[in-house]
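Participant: As a plain string of letters, each chain reads:
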Amino acid sequence: MSRPLPSPRGGRMMGNGKKAKDGKKTLKRLLSCIFKDYKLHFFVVLIFIIISALAGVAGSLFIETLIDDYITPMLGSASLDFAPLLRAILFMALIYASGVISIFLYNRIMVTVAQGVLKQIRDDMFTKMQTLPLRYFDSHSHGDTMSRYTNDTDTLRQMIAQSIPQAFSSVITIVSVFAAMLATSWVLTFLVLLFVAVMMTISRKITGKSSKFFIAQQKSLGEVNGFIEEMINGQKVIKVFCHEETTKSSFDKMNNELCSNATNANTFANILMPIMGNMGHLQYVLLAVVGGLLAINGITGITIGAIAAFLQLSKSFTMPINHMSQQINSIIMALAGAERIFELIDEEPEKDAGYVTLVNAEYKDGELCETEKRTGLWAWKHPHQDGSLTYTPLAGDVRLTDVDFGYVPEKTVLHDISLYAKPGQKIAFVGATGAGKTTITNLINRFYDIADGKIRYDGININKIKKSDLRKSLGVVLQDTNLFTGTVMENIRYGRLDATDEEVYAAARLANADGFIKMLPNGYNTILHHGGEGLSQGQRQLLAIARAAVSDPPVMILDEATSSIDTRTERIVQKGMDSLMKGRTVFVIAHRLSTIQNSDVIMVLENGRIIERGNHDELIAQKGKYYSLYTGAFELE
Amino acid sequence: MLKKLLACVGEYKKDSLFAPLFVTFEVILEVIIPFLMAYIIDSGIEKGNMSVVAKIGVVLVFLVLLSLCCGALSGKYAASASAGFAKNLRQKMFHSVQNFSFTNIDHFSASGLVTRLTTDVSNLQHAYQMIIRIAVRSPAMLIFSLSMAFFVNSKIALVFLGVTPFLAFGLFFIMSKAHPIFEKVFKIYDNLNNVVQENLHGIRVVKTFVREKFEEEKFKAVSKDIYNNFSRAEKLLAFNSPIMQTSMYTCTLLIAWFGAKLILSGDMSRGELVSIITYTMQILMSLMNLSMIFVMITISKASAVRICEVLSETTDIQDGEKNLMAVKDGSIVFENVNFSYSKSTASLCLKNINLKINSGETIGIIGPTGSAKSSLVQLIPRLYDVTSGKVLVGGENVRDYNIKALRDSVSMVLQKNELFSGTIKENLRWGDENATDEEIIHACRLAQADEFIQSFPDGYDTHIEQGGKNVSGGQKQRLCIARALLKKPKILILDDSTSAVDTQTDKLIRKAFAEEIPDTTKLIIAQRISSIEHADKVIVLENGEIVAFDTPKNLLENNEIYREIYESQQKGATCNE
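As given, the protein sequences belong to chains L and C, one line each in that order. Using the numbering used here, the final residue of the first sequence is 2102, and nothing's skipped along the way. Using the numbering used here, the final residue of the second sequence is 596, and nothing's skipped along the way.
Read the hints as simulated data drawn from the structure, not as lab findings. Be a bit skeptical, because a hint or two may be false.
Below, simulated EDC-like cross-link-like pairs (lysine to aspartate or glutamate); rule was C-alpha separation at most 16 angstroms, straight line [as the list claims (entries may be wrong)]: (1) L:Lys1932 - L:Asp1851; (2) C:Lys507 - C:Glu535; (3) L:Lys1983 - L:Glu1967; (4) C:Lys66 - L:Asp1533; (5) C:Lys280 - L:Asp1533; (6) L:Lys1593 - C:Glu235; (7) L:Lys1486 - L:Asp1502; (8) C:Lys237 - L:Asp1589; (9) C:Lys243 - L:Asp1589; (10) C:Lys444 - C:Glu470; (11) C:Lys280 - L:Asp1914; (12) C:Lys232 - L:Asp1487; (13) L:Lys1489 - L:Glu1835; (14) L:Lys2040 - L:Asp1979; (15) L:Lys1876 - L:Glu1835; (16) L:Lys1816 - L:Asp1914; (17) C:Lys370 - C:Glu561; (18) L:Lys1490 - L:Glu1967; (19) L:Lys1919 - L:Asp1979; (20) L:Lys1932 - C:Glu231; (21) C:Lys423 - L:Glu1709; (22) L:Lys1876 - L:Asp1917; (23) L:Lys1584 - C:Glu236; (24) C:Lys232 - L:Glu1815; (25) L:Lys2090 - C:Glu561; (26) C:Lys423 - L:Glu1710.
Here chain L stands alone, though its shape is the one from the complex (with noise of 0.2 angstroms):
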């Protein structure tokens, strides 16, 4: 019996269409992801499943055996004796009775299998994104990563609590009237085998036509969606340009297509179940015929009784295959969805071979040693090979030697770049979009590793250092701010989660925020929705420059952190990182050259290679790239 569960996503049920490309595989291990778990549950709810298929089975022949073995005796006899009914009664009452508290409780654990089971595949797939590498998230879009914890899951929960235990309980009842159905009659089981056959072509065929248009529904249907997205996001253009009637047009003649390609494809599907009902019917009455022939004339020795019973049992015996038949599609669907998850759980985590950690250290007897209290002063722990340990002073020194670098083996991005930031230097990139200015950053945290070259920080090769710690001791400022939904406070603390109170405040000065924020509804504890909706473009920067100011790391990355403020509040945002910047290893990428005029040293990328390098002044007067640059003679894009 399906269950009125509706998806939270509505109209997207249909999944994208595809199929699984290996069925049986995902299957088995679907199945051994609720057995390894659940195994008790697994045998218990099989043991129900069973009692509750075979009370199906011998309730739909009780009202036969009631006519035929007490109520018919009783109509010849002359005394009414109701003591053997009552009897029999009973007895299928208690059968009855075993059936529905079977199926109460196997529903019920089902409800725990499957639920528990969806949650590990979340927290699975959740867990195992989270190690994912940047490449990952690079290379696949976010829309189909979510489709996987939405429309995959919800088709997976669906064919877990209903298909599964269906599948079982259908099996078992076939097996078992098939049973009975023969020591009736083999004469009219062969009759309804052949019945079944023509059923099952019949159904087969129309779901291979209903598919076809389903198909062909589900791209209409996505060019009308397609074209509804791309003319109501332009509709202020169309309004201009007075196209309306043009697009009107249009879109009636999609419309209008989408409209036959829906109506064959619901057409098919609509049919399927008056036809298989019919066909039921059809083989009831030619059961009768047949059956009856043979018990008048008395072939194979057939009773009456024995008819009626058949004719009960047949329907037994359709209903299920029917009922599984409906279910393929959905089984299908789900098949594909959880081949989609165990994919992403399958991914390759990113890889840290590095065994170099950031330790709090403080200095006794002029020695560098570690410590458990937070001292504010850092040092790399360096284990070596004979045992040894040694402590480097975390200091932001970081230098790129020869770096080689390309997103795919094929194609090199970063051709030799080699350059040297002393602690407290501010080194800023500029180049056209492409350039490779933010793929060096990329390296510097390991989104990505090198091809060829060295990168060292504080001299330790960076292979080496632990990318969780490499990652602590950067501070990362983008130009798509990442707000988390929270307040205020928590977002800022998520630099450093153990900051206190007092800290996240000083941070918010350090960085300008105070001010606006104390001016929020809730102060610091006003909540933020959807990245930061209702704070403006510069606002949510300053909340992010005071997210990295809390984590206070010796090196920063601002990669084109104000680019998308207009140039009066990047005046009061460049206060900020001004004050963020001071006493750090800055690396900054920047549009607005005004940005980077005062940093000690400027890399003018082109094509993934450094082509000039000096500061300001000495690059103006060089009166190459970054002097067209400036003078406006130049664009960047």
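Based on these hints, arrange chain C on the given structure of chain L.
Facilitator: Relative to the frame of chain L, chain C by itself:
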């Protein structure tokens, strides 16, 4: 609301009537069939009367085929009616969105409109199909089966009267308990999706702050919440089939007991007993389906409400009564104009604007973000209506023009501009459907777009992807300018339309304007002072008020805001904002 939606059934009224009609026939046949089947057993097989078996058998086969046809027809009509209903809904909404004014569009937001036109329509399509077919089928089945049961044997049918309320009450109770939990579950689902979404978008932040574990805890808490609530709801639903089965079995047993007595007393035949049992199944199943339909319809109600919001929105900008078809020249006059985006005049966005611009002048508009520069120019092609005061174009109130005529003469390049999927040429022809290739190339030359278009392998036939993703920001802006030029407007408005274009090219565009379209009034909103320093006059806006309207030279001497912006931009060039 219902009336509005029903109006969308339109030409599919016939199909919408046939679907329930045929489904009713199907139900009637399905109710008659068990009756005849009982008859076959009673009078045919049991009595050994082969002719009855054959006769009734033939009738039955005929009825079954008829029922099959009715079922199939109702399926077909339901499919076409619901697909047609969805088509009309979509069309009606899309058309009414096309007639929306900017105010209407702002009211809904683009993504809100897209959801209404896509997901919500699909939801209603399913609901509609269900209503005209399944929602007719179940009650019909209930009524006919019940009456057949009474017809066959009214005494025994009384059993239903006892059991049916029990089932109905039980199902209703479960649904009413479970439904709010499901609503809650969907809200938590949104939270879960939000966490995933935030992590997908902010993965760089998560990783740089090494917050993977922290996010995991966050996710697991929500995931646990879903587990708990969903389990609660599902455990309630787990009562559904036992209740259903209990009712069915109780009926069966009661019928068996009383039936046996009735048979023995000669008040009922054995075949009738069998058929009553079949009716039992049908009655209880239809009750079960009814409770499902009830829930599904409640859920789609939200979609219906959202769609009706669009359908009942009336556009507030219509052609003027005078319906003037021609704009005389490019002069613009603002008389005491106040403007507010919302109907309430409490927060005015433009205050007491008085302006007089002569035809053919080049006017710069400058001011900090939020000073209502865009709002000011959007009143000229009547994208919004003034709250009070008057805007005159070519000496006539903008409200007196035919809208198309006005907007064809006032060409505007919006700040947030869009290209559409199609070739460059197709995109440009939005400006003038009948533009010749020469005209297109000429416009592109003026907008300094010809050069880069020619450098594409396919030139003017280069395919532009949705939203113009495959051209750079500066290229997109120049294409949008060319498109606006093709209208050959009397007034050309550029709303920060060259921000991504380098200063050199920007200069060339302005030069081309001055030389090639001297008679066109040009209004240029810019962040960059260099874009407007050669204008005839510059409007300086602040907080929705005109602070100054003078020549650039005078402004530099007398206006503090202008001078401040001017100086801040002399220090370092802005490459790309």
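Participant: Sort out whether C:Glu235 lies within 16 angstroms of L:Lys1593, counting only the CA atoms.
Facilitator: holds, 10 angstroms
Participant: For the pair supplied as a hint, L:Lys1919 and L:Asp1979, confirm whether the alpha-carbon distance does not exceed 16 angstroms.
Facilitator: violated, 41 angstroms
Participant: With the threshold set at 16 angstroms, check whether the alpha-carbon distance from C:Lys280 to L:Asp1914 stays at or below it.
Facilitator: violated, 86 angstroms
Participant: Does the structure keep L:Lys2040 and L:Asp1979 at a Cα separation of 16 angstroms or less?
Facilitator: Roughly 13 angstroms between the alpha carbons, so the hint for L:Lys2040 and L:Asp1979 holds.
Participant: Verify the proposed pairing of L:Lys1932 with L:Asp1851, using a straight-line Cα cut of 16 angstroms.
Facilitator: violated, 23 angstroms
Participant: Starting from C:Lys507, check that the Cα of C:Glu535 is at most 16 angstroms away, please.
Facilitator: Between C:Lys507 and C:Glu535 the Cα gap is close to 11 angstroms, so the pair holds against 16 angstroms.
Participant: Would you check the hint for C:Lys370 and C:Glu561, treating anything up to 16 angstroms between C-alpha atoms as holding?
Facilitator: Given pair C:Lys370, C:Glu561 holds - Cα atoms ~10 angstroms apart, limit 16 angstroms.
Participant: So if I understand the rule, the pair passes when the alpha-carbon distance is 16 angstroms or less; does L:Lys1816 with L:Asp1914 pass?
Facilitator: holds, 10 angstroms
Participant: Are the Cα atoms of C:Lys423 and L:Glu1709 separated by 16 angstroms or less?
Facilitator: holds, 10 angstroms
Participant: Check whether the Cα positions of L:Lys1932 and C:Glu231 lie no farther apart than 16 angstroms.
Facilitator: Distance ~12 angstroms between L:Lys1932 and C:Glu231 Cα, so the pair holds.
Participant: Given the hinted pair L:Lys1489 and L:Glu1835, is their alpha-carbon gap at most 16 angstroms?
Facilitator: Cα-Cα ~55 angstroms, so violated.
Participant: Take the C-alpha atoms of C:Lys280 and L:Asp1533, compute the straight-line distance between them, and say whether it is at most 16 angstroms.
Facilitator: holds, 15 angstroms
Hints 1, 7, 11, 12, 13, 15, 18, 19, 25, counting from the list given before, are not met by this structure.
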